[in-house]
Structures are given as structure tokens and as C-alpha cells.
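J.: The listed protein sequences correspond, in order, to chains W and Y.
Quick note: UniProt numbering has the first sequence finishing at residue 632, numbered continuously throughout.
Quick note: UniProt numbering has the second sequence finishing at residue 632, numbered continuously throughout.
Take the hints with a grain of salt, since some may be wrong.
Which copy is meant is left open, because identical chains are indistinguishable; a pair holds if it fits in one copy or across any two.
What the hints assert, rightly or not - In silico DSS-like cross-links for lysine-lysine, where the CA-CA straight-line distance does not exceed 27 Å:
#1 K333 with K597
#2 K342 with K503
#3 K597 with K339
#4 K487 with K548
These aren't lab readings, by the way, just hints derived from the structure by calculation.
2 protein chains.
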Amino acid sequence: MASSAFARCLPRHCRRPHRVHLFNSIQHTHAFPRPRLLTTSKPVNSTVPPLPPPHASNSSSTNGLRLPLLAAALAALAAGGALWIAPRSLYTESLALTRHGEKGGKKDDMLSLFSKHSNKGREEHEINSVPAQRPRFKRSEISTHTSKAAGGIWIIHNNGVYDITDFVDVHPGGERILLAAGRSIDPFWSVFTIHQTPETKELLEQYRIGDVEPPRDAIEAAENAAAEERDRDALKDLFKFDPKRDPELITHAAYPCNAEAPARALVDAPITPTEKFFVRNHLPVPDIDTTTYRLAVQGPGIPDGVALSLEDLKKLPKKTVTVTLQCAGNRRKDMHDVKPTKGLQWSQGAISTATWGGVLLRDVLKQAGYNTPPSTTTTLPDDDQAISHVQFHGTEGYGASIPFHKAISAQGDVLLAYEMNGEPLPADHGAPIRVVVPGYVAARSVKWVDRITLSDEESWSHWQRKDYKGFSPSTEMPCEEDYENAKSIQELPVQSAVLLPAKGQNVTLTEQGEMVCKGYAVSGGGREVVRVDVSADGGRTWTTATLKPAATDARPGRQWAWSHWDAKIPVSSTIKGKEVEIVCKAVDDSYNSQPEKMEGIWNMRGVLSTAWHRVTVKVAGAEGEGKEVEGR
Amino acid sequence: MASSAFARCLPRHCRRPHRVHLFNSIQHTHAFPRPRLLTTSKPVNSTVPPLPPPHASNSSSTNGLRLPLLAAALAALAAGGALWIAPRSLYTESLALTRHGEKGGKKDDMLSLFSKHSNKGREEHEINSVPAQRPRFKRSEISTHTSKAAGGIWIIHNNGVYDITDFVDVHPGGERILLAAGRSIDPFWSVFTIHQTPETKELLEQYRIGDVEPPRDAIEAAENAAAEERDRDALKDLFKFDPKRDPELITHAAYPCNAEAPARALVDAPITPTEKFFVRNHLPVPDIDTTTYRLAVQGPGIPDGVALSLEDLKKLPKKTVTVTLQCAGNRRKDMHDVKPTKGLQWSQGAISTATWGGVLLRDVLKQAGYNTPPSTTTTLPDDDQAISHVQFHGTEGYGASIPFHKAISAQGDVLLAYEMNGEPLPADHGAPIRVVVPGYVAARSVKWVDRITLSDEESWSHWQRKDYKGFSPSTEMPCEEDYENAKSIQELPVQSAVLLPAKGQNVTLTEQGEMVCKGYAVSGGGREVVRVDVSADGGRTWTTATLKPAATDARPGRQWAWSHWDAKIPVSSTIKGKEVEIVCKAVDDSYNSQPEKMEGIWNMRGVLSTAWHRVTVKVAGAEGEGKEVEGR
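Kindly generate the complete structure, drawing on both the sequences and the hints.
T.: This is the structure we're talking about:
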């Protein structure tokens, strides 16, 4: 079934029997196990117990979004693993296996299970086999196929027509896939980019029944255009709960919203104004009723599992922490400019800082019944081998995890926040509750969190297992084994950027013949930035910048917020009228420093783009031409 | 008093009144307060209480060494600060001031105190003023001036003669300076390199009484040579307690011993054999009687101070931790080769790993009476503002400190070790007790520790305040202010090195046409190495190395030991007979990576030399010439 190119990439582990748990939650009512969280291949010997109701008052939930997230699960299948994509009866069977801790069946058994239920047309449509003549269907005909009753559920992808009737029930993202019924799925995939993998397309190809008939005349072409317009409208409908946003945010993608903070809002501002705080949403903003909201907390340390209301949470001691959140893709554009990467072209504004108010995760775990082992001198909480990760699930479908030692440490300061800069948390930033993991990549600070699971393994979400990982510069297209071997990004490396002057700006020197520069610097893991070097000659000579005081609530080893810096670099008057390259680089208190060039840290996803920041500006001539640097 | 060049470097803080506490310990008997620990300028508002006897049974101590460590204290004076170099009466006065928390006198008062007692000849010998004709003294005459009774204590430095009679009593290193009486002090300073600063030489110049008379004939020349030989013997006498060492250690300095582990002993060895463990001694190995040995523990959290015997310590729960110790100067030679640095030319062997057995520092603090605040959810031990550092004092005179949060953290694993690889700790590695600070630069793992002080400030030792700090590449000669602003090296950045093949080696490819490489990688702060990239083309293409399993006792976030790696790099057969550059670079679990070049991290001390490791080798020709890589 796998193409030969793909087969070459097959990792060893994929030749062992594995299952894909598409359903790591069990509905309270034991109703049809609608998939709730995108997962990827997961060994059978999981110790995670069944879940309590995530929203106790709303078990049939129209509250959370059910998202069409195919890719990772399908990828695992395509890569030779087995997939638990099972309707009710099968699911019960699989669950029983899992519950009793059996090692599961052989790979072939798994595959046969899969074949029986969702492998329609597999023999007919071998991958990479192109029939000499495929049936052609008019758009008008395709558009009528929106249900079983209507003769099946068809979708369009590129120029192909696919009958996914039998797949809908087992789609990991649930029935949201029906939004594309009778239509092109491509606009949806342009949003839910998680599907844009060779593996997903390969699997879809098995359901191909023909091609789209090209329009024969202008009228048909117009009809097709109108249909495409309707598709776009349907897409926008997914985002109806997204809030209005500050127009100064620099939007890289509107659906879902990905917008960076303007440099002007970051300069000299230890705390980013809430409305300018960068927005990085992976999925539509969900609509959550705070009165029925419940946070499920579960896992081996919490035998019964609990569901906490907002009021329950707010009864715990309130804690505020000033934390900088930075996207793993911050400054991707700088890396992309050296060699193309895959992802949104963030400049240096996918980073912001807020003072978050909420409750400590460790308090919540305690409240939920997790017993911190007595603080003896020899037994430590994180010596507990049964729990090594804390998984977070967001209502909108996102998921991630952090190491348990971070969550439970008295020095970890992991927060479940309900306030941002003294105000209630806004919808865009995870209301009513989001996780804030200080010192970690923002991708672990899960918004709209509704479930917390203690586990002996990382989250099985795409974003934990298939994204937000770093690779060698020579790994141009990671295969399954590469993903498995790569460490999830958690703590971030040291980073800095010039905010002022901007690239290409005309800069006037001070009367003393100095170049004025301002920027930020930050490191992960609570490490403090101890020095920023700035150069106005491309890195040949350096001026040590002045570091502004860090966040006032910081403790030694817990410097969760960035530092702002400024520098006046003495330059020769001979550079007037010329282009100069301003460079900055930071050093943290572990004396980690930024690498000089992007080439050595390049990775195909363009994450961890932390090489020296370089900004080319033009120095105004002796006549004073050009715009003066704003001297705030 | 300061030269104009020096004055330019004067930091702002030195224009404020300061004192130098040369005596941060008070002898139990209140006998003459012989200086015990090299200190540098320290503000008066210290909260450190008086010390208990460091060796309770041996308060007049001939046990520990009293070392001639002038430089830092003198430097502070030379830099415009004031110096508490005071005989008994004066000391009592200064102590009273400190005790009552007064801000101390004005700078001028401090200077006048100093002048009264130890500033002989100051007016006569202004710095940088060269008298037209200085008296000349024969070596034979100088050699008779070894005591007050003999007409004064004279020493030789370069070609100068100095009468230090009045200085001996206030020498921070104690009476050990008398070893140089009547002789050249230069051989001693070649060992105690701490003195080799412009400030020390400047201060000494105030005591100059003349020049050495050149030998007039062969007989006098021979006599001088014999005298120099005796000086060298006297020097060696300081090291009479240094143990015999493994001849395979690569010795960079014999007195004190600085010797790196041979690459052969490090390849593929997760634990370094004890006798091959690198030795980095700052001073002579002390002779310690374990029956009278006491560890003093004191500070604000421990009102009364205690003195613990070896037996007391061994009664606490025993803990073993596998920890890699790395010298801050490891790989200095690589940095030095790019641009000269100051220090021993370590290659990649100033690093080793042992399994240390001992007791947790936090247990010892508890035993000493320090009450860990109750582990409530809002109050953390390191929120205690009165204690932010833990200072360690070594019997031989060395000193250093670590942040309190590291010492007290349940995840810190800071050990007071009495075993190394299952055997009693050897003399060279700090017997009977040394500190082992996992994840930190080895310079904080103080050997022969005899005093632990909780404090609100870092150790005032030279090695905490004036060494083991990182500077910008543009800081070619750090001034006082630079030292003050620079952060002490604690956690180390990510590092890696090729151990095999060696530089310049003739390498034979495998039958499959691969280059076999082996090495180590390590990071600080408990961060695990997650990837090592190796290149056989200078860094254009990379092969991901295979990481060997890390130490078995490691916990998440507490990876204190290095990882070994090996790689088989596919290379073109066209490189046979040519030189190739092997490069390795590591990435830790914070995704910090090594910088590409030394230039961006160059610093005058050559510490933190962590750029990509490059090893040029010659590939054996098709005829199979050259030595094969040892395939262990």
C-alpha cells in the first residue's frame, strides 16, 4: 500500500505491531465513541485509565469543536502500523484489549480489522496506479452527494472525486468532515494544514471514484466559481466564535488566526498590551459556556478522576506570574530566507509577555487528589515512574504535554490562568482557562484546556509527536523514525532580536555619532539573559547592551520573562550614507549563546530560529537625510 | 595611586565607600585574625554572622594551608576601594562596625587606616615613577633578609627588591609569604597565578627599595643559579602532600597539578576510571586528618552554626549520583588557536565522569538546623530572601558558591561526596569530603570542603568574583566593572567533542566507505543531549550520531552525566589520501546548540570554549596506508 518512496522511509518500529488510539477518551454515557483528540500511533501497554466526563454537565457536548484532523492517524497507518478506527462494536472490543493490558494482536490482525471496516475499494485503487480511464462527474452532480440517503458522501480534492461514505464514521476529527460533503475539501485543508501530508493524500486516494468533469462552457464555469465561493463561506463559518482583533497585529493567516505583535508594541514594553499580544491559534476559537465548563483531571495518581468547575479552581490560592510566551516558529522568516522552510513566515514578533493570574497546576493536582509523596530526602515526586508527563487537551482539539517534573516542581510555576494582565482571560488567549508553562515553548501552554491527564507518556497529539520538534539540517524531509527519535521542543534556547531600527530603515546617528538600537532577549527554562552583544559592523566588533530590569516577580532560576535591552553603538562617521548590518546576540546564565548562522540549525519546519539577528539599515547622510530613530 | 591607564578602568562602584573583608572568619579563640580565605571588595551590609571554628579541634590550625593569595584583595584597593587589612586591634574595630550594621567610614577613612599600617614607602614610591638611581643589592645580601630580626623581610620580583616586613602580617594568604623571604617570589607566583595581575604588581611596587645587582662574575652567576634552584625546591615543598598520579594523564602544569584525561580513557567509557579522571587543582593538595576533620555549617538559617565530623556526615542517608565534571577551560586550546587566551591549554580532556557517593547537601543543611520552610503551595524555600547563595570553603584556600535554589532543590542533587566510583574519595579529588554540584561548572564542586556558609551573597573568593566569568569578545582586558557585571559561570552550555580519530591521525575508511567517529556530548543544568550531528566535510552535510544510553540513575530534567556517541559517516572514495575536517556539534533538550565558530564566543580567559569541535585527519589512500581507526 505504501509507495516505494515512502517505504524507504519506514522506521523499524513501524514493523512492530502498534495501534492507533484515536479515542483516548470515553464518553460518560458510553455512546458512540466519537473521536475527540487527534492522536498518532501509540503502544498498547498504556496505563492511562478511562476518563471521567470532560464536561460533566454536557456529555453529548456541542460545546467543544469536533475537528477533522486526519493526518497523523492516517500517517501511522500508511507507515505500516495498525489503526483503531472503529465503529462502536469494534471500539468496545479494542477498549477491552487495552483495559486488560493485553499486548494486542499481531499487525496483520490489526490490519484485517481495519480492512473490514474502512478499507473499501482498497484492492481497486492501489496507490500510484492510475486507471487508463476514470469516470468523470460534473460539479452539479457531486454537490448532491452529501449523505448516505443521497447516494453517498462525496468530496473533491484537487481534480479527484472521492466517496468517503464509509470513512465519515471513523474520521478522527468527527462529523465535521461533513462540512466538505458535496464540495472541495481543499479550502478546509488550507486551514487544517495538518492534513497536508503525503500520507493523508495517499489514504484518501483509496476512496477515489473518478475525476471532476471540466466545465464545458462559461455557465458551468460560473456555477463552479459560485460553488467555490460557498465553500469559502462554509469555511469561515467554522470561525464564527473568533473575536475581533487589534488591526495593528500583523496577520500571517486569518483562519485560524496567526498574527504577530508589531515591533512598535514590543519596544521598551516589559508587558505586552493584551490586545497586541501575538495570536497563534491552531484551530478555530471555541465557544465555551463558563457555567457548564469543567476541567477534567485524571491519571494514575488520581484514581477516580475529577471534574472541576471554574468556581472550584478559583477557590485555590491565586498566583500571578509574569511569563514570556514565544512561538517555536518565531523568526522563521530569518531561517526561511537562508533556505526555504515550511510554515508561517513569522518575523520577530511571535513573542509577547503578560502577567498571568490563576492557580498553580500543582495545587490543582493536589486538589484533584494527587498525593505529592512526602518530601523526604530520598524520595522525590518525580521519582514516580508511573507518571512522567502531564497531558493537556484543549476544547478546540489541540493537545500537548509537559514533563511531570516541571508540573510538580515547586520551582516550576506552571499555571492554569484565568487572568491576563489583571483582566479576565480573553477568548483569543484561552478563556476561561489556559495553561501557562513558564520557560517552555508557547505550544505547551494549551488554551481552552478542558482535560489534564497524568501519564507515563507524552501527549499523542500531532503537535506533540509530529510537530514542534527539531531536526538536523540534513533532514530535509523527516520520516516516521525521525519524528520518533526527535525530542519534543519544551524549554527554548536563548534568543534575541533587534526591534529598533527596523529592517531597511533610514537611521540618523546621535550627535555623538552613535547608532541607537533596542530589542529583546529571552531564554528558556528560567534562565536569565546575562548579556546582549550588539554590533553595527556585522559582528566584527561588539558593544555590550544595557539590560533593563527583568520582571519584578522573578526568582533565581525562575526568570520566566524576557529582558529588554538598548545600546548606543559608537560608529565611524564614514558609514554615513551607507548600509550597515546591525547584529545582536544574547547569552543566558548557563552561558548558552546564539549560533552565528542559520545554516547549522536549519530545519525544515523553521522552528528554533535563533541565530544572531541581523538587520540591515541605511545610515542617513551628512545632510541628515532619512528618518530619525525614535528615541523612546 | 592608580596609574592613569588603570584609572580609566575604574568602575563607578569603586568610587563609593567599600571595605574588603579579608577575614570573613573569626577564629574561635579570637586570636590574631590570620586571613583564611581570599576575598575581594565586599559591601559592608553583609548579614553573614561570625563563624564557628572550621576545625573545632584545631582552632590554631596547622591542618589547612594558609596561602599567599594577594591579588584580588589588593586589586580592590588598587582600584580605589578601601581595604580592611588590619592587625588585631584594627580588626576588632572593623568587626564592630560590621556587626552593628553601620555603613562604615568614608573612603578616605578606610585609606587612612590602611596607610597607617601597611603603606610604608607609599609617598616615596609612587606608581610608575622611576627614580633616577635606585639602590642595588646583591643576591647574597638579599638572602639574609628573612625576618625582622635580620633587618627586615625582603623579596625579589623580576629585577626589583622589596621590603615587605610590614606587609607580612596583613598578607591575605598568611605567613606562607615567608617562604619567599630572601628569595625571588616569581616561582611562587608562577604557581599561584592569582597574583599575576597588574593590580598586585602595582601594589607591590610601593614596597620597592631597589634593584638586584647583576652578577659581576661567573662565580656570582653560579651562586644566583643555585639560589634559584633552592627557590624551586622550596616551591615543591608546598606540594609535598600531592599524591602520585597516573602517568597517562596529560599534565599541563605540575604545581599545582592540572592534568587532563587522555582521549583513549574517555572513549566509550561512561564512567572515567578514577585514576584517569582529570585533575584541576588551584593550590597544593592539603593534608587533612580525618579524625579531627570538621565541616562547619553556618549562616542566617542556622543560628548557632555547627561543626560536623566525618562520622556525623556518614550517618545521613547515603546517595549516589553519576555526574560529569567539566572544567570551564575545557577545550581552551581550540579557542586559543583562533585568538590567544590566558590560561592552561586544555584540549578536550578537562572533563570526566564518576559515580559519587555521599550525602545530599540539603540533608546536611537540615541536619545543621536549617529549617526548610513547609512546602506550602505559595511559599518556596528559595523565596527566602535572606539566603540566596551557599558558599563553600576548601581547606587549601579555594572558595566558591552556588545559588541557594540549586542547593535546596529536591531536584538539585548537590552532594557532599566521600566516595568516588565506589571507593573512598582520593586525595586529588577532595578527600575526605568534596562538593559535587551536578550540571554546574566543576569550579563550584569545591574539594576538601571544610566550611559551608548560607549567605545573601556569592562567595568573595577570587574564583567566584574574578575568574570563571564570561565576557564579550570585545572585552580584551576586563576591568573591575566588567568583573562586577559579568555573571559567574554556574550551569554550563552544551558541549561536544570528537575523541576518535585524533587530530592529524591517518584514518582508514571502513569497507563500506565510512568514516568512524566517536566522542562525547554533555550539557549543563540537567539538560539531556538529544542529538549530535557529525560531519566529514567541515559542516556542509551532517550525519546524526548514535547516542549511547546515558547514566542509569538519571531522572527527567536531571541528566547530570554526559552521553557518548558514535557515527559512521558515509564519505566519497575520492577523499582517500586527502585531509578532511571532521566536525561535531550537539543539541540539548532545550535545543540549545553549539555555536559554529569561536570568534563569537571568544573571551580573554578562554572559558566556555564550546564552538563546533573540528578535527582534521588524513584519510588513508587506496593502498591502505595509514593507521586504522581503532574500532572499539
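J.: Now tell me if each hint is right for this structure.
T.: Taking the hints in turn, this is what the structure says about them:
Taking identical chains as interchangeable, the C-alpha atoms of K333 and K597 lie at most 27 Å apart whether they share a chain (14 Å) or sit on different chains (23 Å). Proximity of K342 to K503 under the C-alpha cut-off of 27 Å is restricted to the intra-copy arrangement: shortest distance 23 Å within a copy versus 39 Å between copies. Taking CA atoms no more than 27 Å apart as the test, K597 paired with K339 passes in both settings, with 12 Å inside one copy and 20 Å between copies. When the C-alpha separation of K487 and K548 is checked against a cutoff of 27 Å, the pair qualifies only between copies, where the shortest distance is 16 Å, while the shortest distance within a copy is 33 Å.
Consistency note: the structure conflicts with none of the earlier hints.
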